[in-house]
Amino acid sequence: VVTTDVDECAAARFTAMFKQCYPSVLAYAQRRTSPDQAADVAAEVFSTAWINLERIPADPLPWLYRTAWHAIGNSRRSKSRSATLALTLAGERMTDARVRDPADQVVAGERITRVLKLLSASDREAVLLVSWEELSIDDAAVVIGCTPGTLKVRLHRARRRLSTLLQQDVYSDNDYGLPVSEEIQS
Amino acid sequence: MNEVADDPIFALVAAANPIAKPDAAEPLDREALQLLDSITTRTRAKRPSSDKRSRRKAAAFGASVVAVIGVSSAAAATGLVPSGVIHAFTEVSPAGDTVQDANMVVEQVSSNGRRDQLWLGRNSSGMTCGYQRNLPSDGSNEDGMKECGGPWLFGTKGKSVVGTFVPAGDAQTPGTYAIDAHSANRAITRIILNFGTAGDIPLTLNPTTGWAIGVVPADLTWDASILTAYDTDGNVVATQTMTPTAGPASVFSLAG
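Top line first, the protein sequences correspond to chains H and X. Residues in the first sequence are numbered consecutively from 123, following our numbering. Residues in the second sequence are numbered consecutively from 7, following our numbering.
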């Protein structure tokens with residue numbers, strides 16, 4: 123096989139990006155899907171990145187997260203929405219060495235997970251990107267596909283709702299296990 | 007750390023992070039290195055220019071809209087949507103209950119022969135079960151979401167329009183979604199999903215059951231849209247901005 127300089131350059135760039143970002147992308151997927159699905163999502167993200175290497179910006183992580191979010195959406199095609207809708211419950215099924223103290227997780231995780239599910243998808247993702255992935259507002263906006271200003275509005279709205287829900291600390295009166303979008307007109 | 011790190015609510019969310027931030031200095035494990043090797047040994051396919059991609063996207067979406075419009079009218083005119091048809095299916099999760107007496111409440115037939123149907127029934131626990139049944143035009147195996155939830159699966163009961171987005175089956179381009187909606191308001195005769203300048207996707211509405219169905223092409227999966235229900239005179243009965251379908255959320259409820 124004869125490789126060109128261009129191929130070698132692409133491979134070198136991709137390898138550097140992979141080594142830098144793979145753990146973060148895998149962690150992103152693990153936080154939102156099952157461990158098995160997470161590995162598949164990460165593989166899909168980097169396969170997509172390889173094909174689209176010239177389109178990936180200098181700071182690749184937001185682009186990779188956005189692709190991962192899309193891949194997770196596609197994984198719902200496994201026909202079981204509930205499996206992928208379920209945010210990772212704290213203290214549950216995580217055996218990775220990087221997992222935090224289970225006692226802390228049980229206390230905070232279940233309660234937070236419950237109320238996070240009551241946010242709209244984009245609001246929830248906005249919250250998770252800044253809280254779990256620790257992205258800046260600008261980078262999180264790239265992942266969601268909106269302007270930083272819009273993201274700030276979403277975060278403000280989500281924060282207000284989270285605050286209310288945490289004070290109530292009850293399940294929503296709809297028990298579908300799915301978030302309900304906010305109405306804008308009656 | 008970022009702009010919201012000091013906020014107590016976001017700090018609470020951050021504390022519930024089930025996976026700690028990876029250590030950048032930690033070497034990749036064997037599986038990751040194998041994945042890296044397997045990807046970089048693949049040939050990188052040349053992508054079409056952005057102009058070509060835009061033209062393809064526009065053409066594909068145009069074709070979809072034409073197909074759906076044609077089918078909407080045809081279905082209503084020829085009564086393609088049967089009622090009272092019995093079908094059994096088994097939910098994928100969580101219990102795998104078999105639903106013995108599901109009814110097809112709406113069907114959309116595309117000009118290429120693809121059929122998308124929604125079947126509803128109850129499992130032995132009394133939960134609402136839906137089967138988003140997709141029948142590819144090439145005769146390959148049927149496919150689609152099968153799920154039970156209860157007591158109701160499609161938003162807040164009693165609202166004018168309720169519904170959900172679901173993946174449109176493995177035979178479709180990844181990212182393609184079906185939208186299932188139910189109108190409790192008999193005055194509603196048209197439901198349209200508008201993607202701004204990208205165009206409209208009219209849902210096929212079965213006036214007998216009040217159920218409607220449509221398909222969102224993968225190209226629009228990341229776009230926000232506005233779902234609007236109209237009466238026979240073209241007046242807006244209810245409308246709502248919808249989040250992009252690719253996000254992991256799907257239930258909606260419109261008052262009106």
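These are computed hints drawn from the structure, not numbers from a lab. One thing to keep in mind: the hints can contain errors.
Label-pair restraints from in silico Cβ distances [stated by the list, open to error]:
| id | chain 1 | residue 1 | chain 2 | residue 2 | range |
| --- | --- | --- | --- | --- | --- |
| 1 | X | Ala21 | H | Lys141 | 25 to 33 Å |
| 2 | X | Asp144 | H | Ala134 | 40 to 48 Å |
| 3 | X | Ser143 | H | Cys131 | 18 to 26 Å |
| 4 | X | Asp12 | H | Pro157 | 27 to 35 Å |
| 5 | X | Asn118 | H | Thr272 | 53 to 61 Å |
| 6 | X | Gly202 | H | Ser258 | 22 to 30 Å |
| 7 | H | Asp260 | X | Asn118 | 39 to 47 Å |
| 8 | X | Ser146 | H | Thr272 | 34 to 42 Å |
| 9 | H | Arg135 | X | Thr238 | 56 to 64 Å |
| 10 | X | Arg192 | H | Asp181 | 47 to 55 Å |
Beta carbons are placed, not taken as given, at the ideal position from N, Cα and C, and that holds for glycine.
key: Hint check against the structure, violated hint numbers in rising order   = Hints 3 and 5 not satisfied by this model.
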